[in-house]
Every structure is written in C-alpha cells, then in structure tokens.
Amino acid sequence: MNGDRSSQPVGATTVGTGVVAALSVVVAVVLGDAGVVTLALPEILRDFGATVWGVAGVLISFNLVLALAAVPAARLCERRDPVAAQATGLIVFAAATTLCAFAQSLGVLIAARALQAAGGAVVIVGSLEFLVGARGERVGARRWAWAGVAGAALGPVAGGLLTSLFSWRAIFVVQIPLVLAALPAVAALRGRVVRVASSLHTAPDRPYIRANIALALLSAALTAALFLLVLLLVDGWGRSPALVAVAVTAVPAAALASGPILRAARAGTRSEAVAGAVLIAGGLAGLALLPGAHLVWTLAPQVLIGLGLGFALDSLTEAALRQRTPRALHGGWTIAARHAGVVIGLAILTPIFTADLRHAETPAKEAIARLVLDAPLPGSTKLELAEHLGRSLAAERDRVPNLRPAFAAVRVPSTQASAAAALERGLEDQLTRAATRAFRTAFLVAAGLALLALVPALALRDRSGS
Amino acid sequence: MRRIALPVIAVLLVAAVLGVQIAAGGTHYVPLRPADPCTPRPVPPTATQLEPLAEQIVLLGLDNAACRLGISRERLVLALAESRSLTPATTAALKAGLRDAVQRLDREHSLPKVSQLLPQVLDQAQLPGIAKTIVGAIPAGIIDSALPTGALLLRTIDDLDINRLSHELSDPSKLQSAVQSAILRAAASQILGRLRP
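Top to bottom, those sequences are chains A and B.
For what it's worth, my numbering labels the leading residue of the first sequence as 1056, then goes sequentially.
For what it's worth, my numbering labels the leading residue of the second sequence as 1011, then goes sequentially.
One chain only, chain B, in its complex shape (with noise of 0.2 Å):
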C-alpha cells in the first residue's frame, strides 16, 4: 500500500495542476491570429477629412485583397512591406480590393461628399493661389455634384501607380502626397470628361 501510494499522490497531484492550467486557458495562450479577410469588417463612421477616409480605403482594400489572393491581410502587409516589390498579381488584387473597398462604402452611404475634402485638399495641394481660389469659391451643391465621391476615388484608384506607392510606404508625407495628386488628377480628369460635349 506504501508503495503505490506515493505514485498515486504524485499522479493526483499532476492532474489538479494540469487541470487548473488547461481550465485557465494554457492550451489557448497563443498570439492572436488574422482573422479571415474574406469575413467583411464593420463599417467606421464616415471619415470626412482625407487621412482617415483614405486608412479606412485601405484598410477594407487590403482585406479585399488579401481575400482574392487567399492569405490573410496581415500576411499581405507584411509582404508589402518586406519585398517594396509587387507582382502582378499582387498589384491587380490591391487594385481590385481598394475598388471593391469605395464600392462598399458608397453602397452604404459611408463617403463623404467631396465638398467636405476639398478645403483639404487644395490646403496641401501644390496650386497656384488664384486657382485654390477660384475653386474654393464654386458652390458646394455644384462640385457635389460634378463630383460624386465615389466615382472621383473610383477614378483616383485606376491612375494610381501601386508599385510607386508601395515604396513610399516608408515615407508618410511623399505617400500623402502622391494620393493626393492622384486626386487632384482624377478631379480634373472628371470635369473634364464633364465639360466635353
């Protein structure tokens, strides 16, 4: 009886500080996983100044993205900023994700009217005074709807170069810099094509 009773003890022993490590979660104590991309993310309220608007653009893109390519947007951010050098692939599903991305927020009336960017906008933009103020001066009603949100972004993203901009990454002001002359290109680019007969 001596003799099985001091393994029997130490077996009893193991199991109750075992049981209270699993019980308080050590087989989950792990680092948090990506979640699954292609699961879409709730919505922020509308961003109406252009740093946010633009963070939430990319932050649904790279989900988007990320689920076309089938790994996870982590993966992909880390990729990004590990090879500055993208595939075709890469580059097409970056592209597509940040579309699908302005498509969603417009779907849900999450855009803000680019009337509430423009002071932004030509604040930064590397303009001639006169022409900030001519173009300070039209009618918000107007440029709405000369304008509409979505389709200058959808305009802005199809002229953006993605391999460029990948290597600012690094730089935020030369990166702010270059989505806003992709704006400012697609605005003009739109009223252009507006004021053609």
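Just chain A, same shape as in the assembly (with noise of 0.2 Å):
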C-alpha cells in the first residue's frame, strides 16, 4: 500500500525557519488548546455556577468537533487549495477563541469551543503538510507530532498561571496574537506549494489501526492525568491555580526529558510505544494511590506520566504517518484518534468521578460527625458549629465544601480557639482524604485504559519492519 508515493511530497516547499516556528507554534497552540482550559475549569466552574459536567463540556466539545473534523478537514487541505484552507482555518480559530474570551454564558463558550475546533482541525492537519514540504519526512512529520506533545503537555501549566495572574478569558485572549501572527508566514507559501499530481489520482493509504487506537487509548487515560489531577489538586485540595500550574510542570518537564532518552535508546517503535503506556498506567496508579495531601507527592507520578507522554505519543505518531500518503490525511486520523480518545476518557471518567464525589459525601460526614463529637468543646458550642457545618455541607453537593464559614459563624471564647482550630484543621484534613479517595476509582481505571493500550502497542511494527 505504501508504495513509492510516499517520497513524493504531496506539497513541496521551500521556505525558511520563521515559517516553520509559526507553523510548529499554531500546532502547539491548537493542540495545547485541548487541555489549556482545565485548570481554568474550576474558576469556570464557579464563574457560570456550573456543574462538573457543565465544564466537562467545555473540554468535550473542542475534542468532540476535533475528532470529527480531523479526517474531513484534511480531505479539504488535499483537494482544495492548501494555503487557502490554512489561512481559513486561522481566521476561524481565531475568531471562535475570541468569542471563547468574551463569553457570557457557558452556553456560548461551548458553542464557540467548537468553532475553535473546528478552525483548529484544518490548521493542524495543513501544517503537517508544510512541515513535511519544508522539512523532508521524518523532520517534519517527528517536528510535528512533537509540537503536538509540547502543546498538550504545556497547555495545563500556561492555563493555570494565566488563570491564576488575570483570569480564565486569558487563556484565549493570549491565543489570539500567536495564531494570527501565523496568517503572514502561510501567505507567504501562496505560489510555493508544488502539488505533485498523482497524489491526488490515487487511493490513499490506509490508516494504521493499531497506532491510532493506541493513541486513542493513551490520550483517554492522559485526559485524567490532566483534567482529573488538576480538579483534584484545585477543587479537592484548595490549592490554588497558580500553585497548581507550578506543580503539573512536572509532566511537561519530564515529556520534554524523554525526547534525549529515546534517541539514546533507540529502541523502536513498539518497545517506546509498550515503555509509554507502563509509565502513563503505573503513573495514573500512583495518582490513584497517594498517601497524602502534598503536593510532593504527586511528582512522581507525574514525571511517570510525561515520560510515558514523551515515549508513547511521539512514537505512534511517526508510527502511524510513516510512509503514508497522503500525510494530512493520516494526520487527521492521528488527531481525530487522540481526540475521540479524550472525548471518551471524559465521557468513562466524569461520571465515574462525580458518583465517586457524591458517594465520598457519607465517609466524609461521618469522619466530620466523629471529630465534631469528640472535640474538646463545649455541647453547646458542638451543636452551634454542627448546625452551621450542615449548612455548608448542603450547599455544596458534588463539590467539596468550604468549612470555614461555619467556623466564622460560631463566636468561640478565646479559652476554646485553640481547640477550635485544631478542630477546623481536622474537618479540612478528612475532607480532603474523602475527595482524594473519591478519585481514586478514576485514576485507576484510566490506568487500566492505558494498559489497554498495550494490547495494540504490542502488536505495532517496529520501525525496520515498517
């Protein structure tokens, strides 16, 4: 099948270092933009009085739209004009996450989340090909998968600190200038792209299944490590976004460290793609498995899951564009693959998540009941905070409460402050075992998701029998 179009560039182009950084960054932003939001979800979350699934549509809706509009989208780049069709994909994009900054309602900001994708899935799928065209193969296709890698894994960390510095309407705001400043680089291809004739009279290859399921696989179980750890390290732990952007930098950092011990390995294909999904598993297990509320202790696992990132998606990649025409096509289905494998991870792990949330309510009731009762106070003083606690506990189903309301509410003499607070502390540490616990299911299945992706991992080429 793979023949000997694959040396034919489908688009060949001459053009210089500046055209393929802009190129390289709006895949990046494109790419990152799946996950840029989600440490801006909680503060969404409160911003629009949503509900976890309310927010879990913001993430759903771009990667829904991205998976569905990858393959079509790079039909269009094939058959139309390729230059065109990018500079068109940038103008949406950039259009759709300025109507993301501004939304007013979350209604809107979904609405507009697909027109990003949508917008999105021509810009990344055109940029493999002019990568390709500027870079030759296996530099391009491997610059782009990586500009990929680089987004997704960034996207959290640059979400959180401008969440944290401004707001969550940041996020897109600062994606608006990076994407434009692209328009003039691809203007600058107009009348540079060489079409190669045959390429379009002849049938494609066909994707490669086992890669593609495989990424599909490992991005379902990445979408926990990301949008499940940071709601945990948020919502579940009071850190705050700023905090949080700082400590998930370990995935990126990591990610970013394997690229040097792959090409030191050099392993192959299936042994980087089999070593990724152990460490993303073994990672989202040790999420699963913390034996405390420190931010400490959640390194670990997240250098597992960025050096299993590292290895598995940039290895599958290559595996699944190698030698296949026509390029954009087979990006289309990499990037449709990984994003129906996001769509699905939320759509598995959300709700297994949120019944986790509101089955940790009675633990968590009762630790708060036990402490509450045995606490060195007062009865009365028990019963005024035992009331007011209630109050906060109902207000806030399916999220975890802020206790420190009802405290203020109680006037302490000075005698019991001390036990008070030590109380307060108390209620704080066993909210937090609850909501860490109720994760637990989650990260473990998304584990085992990404075990699964052993099973087509296992049966890849490597790259000499390719």
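There's no promise every hint is true.
As the list claims (entries may be wrong) - Per label pair, the in silico range of CB-to-CB distance:
id, chain 1, residue 1, chain 2, residue 2, range
1, A, V1228, B, T1097, 52 to 60 Å
2, B, A1102, A, G1162, 49 to 57 Å
3, A, A1474, B, S1191, 23 to 31 Å
4, B, G1035, A, T1106, 29 to 37 Å
5, A, R1318, B, R1043, 21 to 29 Å
6, A, R1480, B, R1043, 48 to 56 Å
Stated by the list, open to error - Straight-line Cα separation of at most 35 Å, DSBU-like style, residue types lysine-lysine; simulated pairs:
id, chain 1, residue 1, chain 2, residue 2
7, A, K1437, B, K1105
8, B, K1105, B, K1123
9, B, K1123, A, K1437
Treat the hints as calculated values from the structure; they're not laboratory data.
Even glycine gets a Cβ: it sits at the ideal position worked out from N, Cα and C.
Dock chain to chain to rebuild the complex, using the hints, since each chain is given by itself in its own frame.
As structure tokens, this is what we get:
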C-alpha cells in the first residue's frame, strides 16, 4: 500500500525557519487548547455556577469536534488550495477564540469551543503537510508530533498561570495574536506549494489502525492525568491554580526529558510505545494511591506520566504517519484518534468520579461528625457548629465544601480558640482525604485504559519492519 | 536487548514509585471511619457542671443507642440532624441508651453529687427568689441522701420528650432549658415520692 508515493511530498515548499516556527507554534497552540482550559475549569465552574458535567462540556465540545473534523479537514487540504484552507482555518480559530474570551454564558463558551476546534482541525492537518514539505518527511512529521506533545503538555501549565494572574478569559486572549501571527507566514507560502498530481489520483493508504487505537486509549488515559489531577488539586485540596500550574509542570518537564532518552535508547517504535503505556498506567495508579495531600506526592507519578507521554505519543504518531500518504489525511486520523480518546476518557471518567464524589459525602460526613462529637469543646459550641457545618455541606452538593464560613459564624471564646482551630484543621483533613479517595477509582480506570493500549502497542511493527 | 530494556526500565520505575507510595500509606489515605459503638469508650473524669455532665451522658448514650440499632454513632447523629422526626424504635433506643449511660457512670462512681450541681441548676432555673433561697439553704448531706444523682438522672431521662428535644438541637439554649426543667421536675417528683408515707 505504501508504494513509492511516500517519497513524494504532496506539497513541496522551500520555506524559512520563521515559517516553520510559526506553524509549529500554531500546532502547539491548537493541540494545547485541548488541555489549556483544564486549570481554568474550577474558575469557569464558579463563574457560570456550572456543574462538573457542564465544565466537562467545555473540554468535550472541543475534542469531539476536533476528532470529527480532523479527517474531513485533511481531505479539504488535500483537494483544495492548502494555503487558502490553512488561512481560513487560522481565521476561524482566531475568531472562535475571541468568542471564547468574551463568552457570557457556558452555552456560548461550549459553542465557541466547537467552532475553535473546526478551525483548529484544518490548521493542524494543513501544518503537517507544510512542515513535511519544508523539512522532509521524517523531520517534518517528528516536528509536527513534538509540537503537539509540547502543546498538550504545556497547555495546562500555561492555562493555570494565566488563570491565576488574570482570569480564565486570558487563556483565550493570548492565543489570538499567536495564531494570527502565523497568517503572514502562511500567506508567504502562496505560489510556493508544488502539488504532486499523482497523489490526487491514487487511492490513499489505509490508516494504521493499531497505532491510532493505541493513541486513542493513551489520550483517554492522559485526560485523567490532566483533567482529574487539576480538579483534585484545585477543588479537592484547595490549592491555588497558580501553585497547581507550577506543580503540574512535572508532566511537560518529563515529556521534554524523554526526547534525549529516546534518542539514546533507539529501542524501536513498539518498545517506546509499550514503555510509554506502562509509564502512563503506573503514573495514574500512583495518583490513585497518594499517601497524603501534599503536592510532593504527585510529582513522581507525574514524572512517570510525562515520560510515558513523550515516549508513546511521539512514537505512535510517527508510526501512524510513516510512509503513508496523503500525510495530511493520516495526520487527520491521528488527531481524530487522540481527540476521540479524550472524549471517551471524559465520558467514562467524569461520571465515575462525580458519582464517587457523591458517594464520598457519607464517609466524609461521618468522619466530620466523629471529630465534632469527640472535640474538646462545650456541647453548646458543638451543637452550634454542627448546625452551620450542616448548612455548608448541604450547600455544596457534588463539590468539596468550604468549612471556613461555618467556623467563622460561631463565636468561640478565646479559651476554646485553639481547640476550635484544631477541629477545623481536622475537618479539612477529613474532607481532603474524602476528596482524594473519591478520585481513586477514576485514576485506576484511567490506568486500565493505558494498560489496554498495550494490546495494540505490542502488535505494532517496528521501524525497521514497516 | 535494546528493545526489551526500555519496557523493563519502565516497569521497574513504576514498581519503585508505587512501592514507595504504598509503603507510605497510599492505600490507607481515607477518611476516619466511625468507631464501633458497641465497644465501651473510657469514661472521662467526673464532671461537676451540668453541661459537661449532660454531654458525657449524651455521648455514651448515643453509643449505646447506636449499638442497639446496629449502626454507627455518627450515622445516628446525622440521621437525627437530617430527619428531626424520630421513629419509635429510635426514640426507644435513645432512651435506653441514655439510661445505660447513667447506670454505667453510677456504677463507676463517675456521677457528681446533686449538691454539686444544685447551685448551677438553681441559678438558671425559673423559680421565685424565695424558693431558690430555701432550697439553697438545705444542707448538702440532706440533698444528696434525698436525691441520689443516678436515680434523679434516670427519672429525668424517663421524663424527657426525646422527640421534642430533637427539634431543639439547633438551639442550644432551648435545649439546655428543656433539660434543666426536666431535672427540676424529676427532683420535685423524687422528693414528693420520699415525703409520701
């Protein structure tokens, strides 16, 4: 199937480093966009008074449309003027991003995210052709894959920092100039793209199913690493988005560190994919078995996930594209697989952890009741406190409640202040334990998805064999 | 060899991280579980004030009631807070539990003398000043022999309207007043019982 067309680029260009850099940035921005809102979700949830499912819709709409639009977008780029398609994609993405930045309701935000993904799909698959045309098949495809890995890994960090420094709207505002900056670079390609006519008249190669299924399963698992970890740290443990943004840099740092390791190991596609799946599954299992609510405990599991991300996504994407034409179409398949995986991951994991969060209420309330009953405080103070705590717990269904207002509402004599403070700390600890426990099953299911990726990964053909 | 090395290293790394986390208590980081209500708790030192004494009796009584109902003390408390309408079985279990608590404290000589509690009760009771003065003038020995604490508290519990008290849980002052009234009624009833031939 792969024939000798693989050596002939569909679009051959002679472009400068600036254009390559601009295209790499837009690929990173668009693919990073799947996760860039992750750290902003708790703030979006509060801003719009939404439910966990509502904010999951912000992620699902983008990833679902990207998954559905990637292959048609690739066909569009293949059959029409790729420069015009790319420019249109950039403009649609920038316009939709502007809409996201100024959305006044969750519905508008979700719709704008879907539009963003439609434009983004064209931008990503179009960029693959241009990068391969500019840098050759191997280097161009690897650059495209790495831009995607970097975007996916850095997205949540950038989103968290921007949300903390400004607001969740800032994460969309900063994307607009980055995307529009690529427009002149794309315009400069006009007239320099040489189409190879044969590619338009021959049947496309079949997509590499095993690599794409592995990509989908690992993306589903990685969703947990980002979406669930951020929700656990911000909403469950009450950490600030800025601190969480810094803490989750362990994933991109490890992903970047995986590059030199891969080059030194030269283990082959199958080994890299298998090792990546094992590391991602192990990291997620580590997040399910956190022994405390200290950020330090999340670092080693994150490093495993980051290394796995670098190992598996890079090699699987490369395997899915290797010697298959048209490249944009196969790039589209990898994007469709990855983002369908994200949607599947969210669809499987969100109900699991929201149900677990609800089920965590009873043990959390019982633990709170035990501490309040046994607290060295007068009975009248305990009764008053219990009344306010009950209201706080009832007001925050499906979320981890904030107990501070309950303690603030009770006037405690100075002689009892230290006992009351100790009780407040104890109750916060119980809530943190209950929240951490509530995420355990979802992390373990995500680890299972990563392990499931071993099945197609073990059946991959190695580089020499393909 | 190269092909197998990377997955093997990955497995070893994962095993090391998970091993450390499990050794540090990763499987046990869960909320505090309710204690078994049927295992007797240690009795705290004798309380000579009404509120701490009432709290001791209520906490031990809740344990006993929960044990009778086959649920945890915490689940019983949450049920009381949420429903505020008690089933006959719960009311009976609570009364029996409170009685068991008083009897245990009495057996372990952990109940204060009534004369120790009397000044506080009189101070807060809605009685005419002359009545308070007369009762206050009675020697402690006479009061303690006429009103053994255990018997007085058992009579108080029998007299308590548990359903009504459960509605007063949100207002500690009303609850305190209801308990004190019940104690005074029980004391009066016990004295009258002694005076009858």
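Violating hint indices (sorted, rising): Of the numbered hints, 5, 6 do not hold.
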